[in-house]
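Enquirer: Sequence:
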Amino acid sequence: MDDPANEVVSVATLVTAAINPEIQRETVLKYYTPDMKFRHPLCTISGGPNGRDAMLDVLQWYRIMSPVLKVRVNGVTYDKDRHTVYLDATQVFHIRLSPLRPAPARLIVLLKLRPEPSPTDPSKTLYYIEEQEDFYHPDDLAALVVPPLVPLIRAGLQLATLACRIQARIGSMLGYWTVQDGEGGKGVTLQPEGEPLPPISENEGVELQNVDRKKRKKD
1 MDDPANEVVS VATLVTAAIN PEIQRETVLK YYTPDMKFRH PLCTISGGPN GRDAMLDVLQ
61 WYRIMSPVLK VRVNGVTYDK DRHTVYLDAT QVFHIRLSPL RPAPARLIVL LKLRPEPSPT
121 DPSKTLYYIE EQEDFYHPDD LAALVVPPLV PLIRAGLQLA TLACRIQARI GSMLGYWTVQ
181 DGEGGKGVTL QPEGEPLPPI SENEGVELQN VDRKKRKKD
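Residue numbering for the sequence shown follows this note's numbering, starting at 1 and increasing by one per position.
Since the hints were derived computationally from the structure, they do not count as laboratory data.
Virtual Cβ for every residue (Gly too), placed ideally from N, Cα, C.
Among these hints, one or two may not hold up.
Said to hold, decoys possible - Below, computed lysine-lysine pairings styled on BS3-like, alpha-carbon distance capped at 30 Å: (1) K112 - K70; (2) K70 - K124; (3) K37 - K124.
Claimed, not checked - Derived Cβ-Cβ restraints for the label pairs, each shown as a range: (4) Y86 - Q209: 22 to 28 Å; (5) P151 - Y86: 24 to 30 Å; (6) S10 - D121: 17 to 23 Å.
With the hints as extra help, turn the sequences into a complete structure.
Expert: Below is the structure:
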């Protein structure tokens, strides 16, 4: 990719929802590194010389299972300094011959890019995908595989929240992480306006110095 921020949506759409297997294959070969890694809640590719071939097999099986696949990218966040892209996407995956009605599943995709000189023009930099991670909430993963389970999983998550609240109250009553009248009984008054900031840690100090250096270079 010459411009990941503007090209990544097209790449993501082609590798998952291409209209034919030839386009999907060419897209994977063009934009992924041969040793790429992949992590998904249901499968993983650890990398190595056959990483891209394994990724192509996974994507092809994905389309074999779901011949009609819809993907919509809701948002893109590109971190140029760290060579990473976050995609907020929604897909509708319908397993072949399944009588179950498909449901939209939301996921976050993290792409780590590898900058390399262009083979035709070394003065230009191209960005290839060297690692991909797909993140799903439990109910979205259920929507991908067994849509009727979505209401049950969401109900289970609500029950888990209720259990957390009840146990927090019980723990507080027993003296675990009990809120006192101010920190250590001394009293705390929150004054956002004009309130002094907490001390900066060593790592935060280094990060701030790096940001200042970059600003000076631009100026």
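Enquirer: Confirm or reject each hint.
Expert: Outcome of the hint check:
1. At most 30 Å may separate the alpha-carbon atoms for a hinted pair to count; K112 and K70 meet this at roughly 24 Å.
2. With a C-alpha separation of about 34 Å, the suggested pairing of K70 with K124 is violated against the 30 Å cut-off.
3. Distance check on the hinted pair: K37 and K124 sit about 25 Å apart at the alpha-carbon level, within 30 Å; holds.
4. The beta-carbon spacing between Y86 and Q209, approximately 26 Å, falls within the hinted interval of 22 to 28 Å.
5. Hint check: P151 to Y86, Cβ distance near 29 Å, so the stated range 24 to 30 Å holds.
6. Restraint check, S10 to D121: a C-beta distance of roughly 21 Å satisfies the suggested window 17 to 23 Å.
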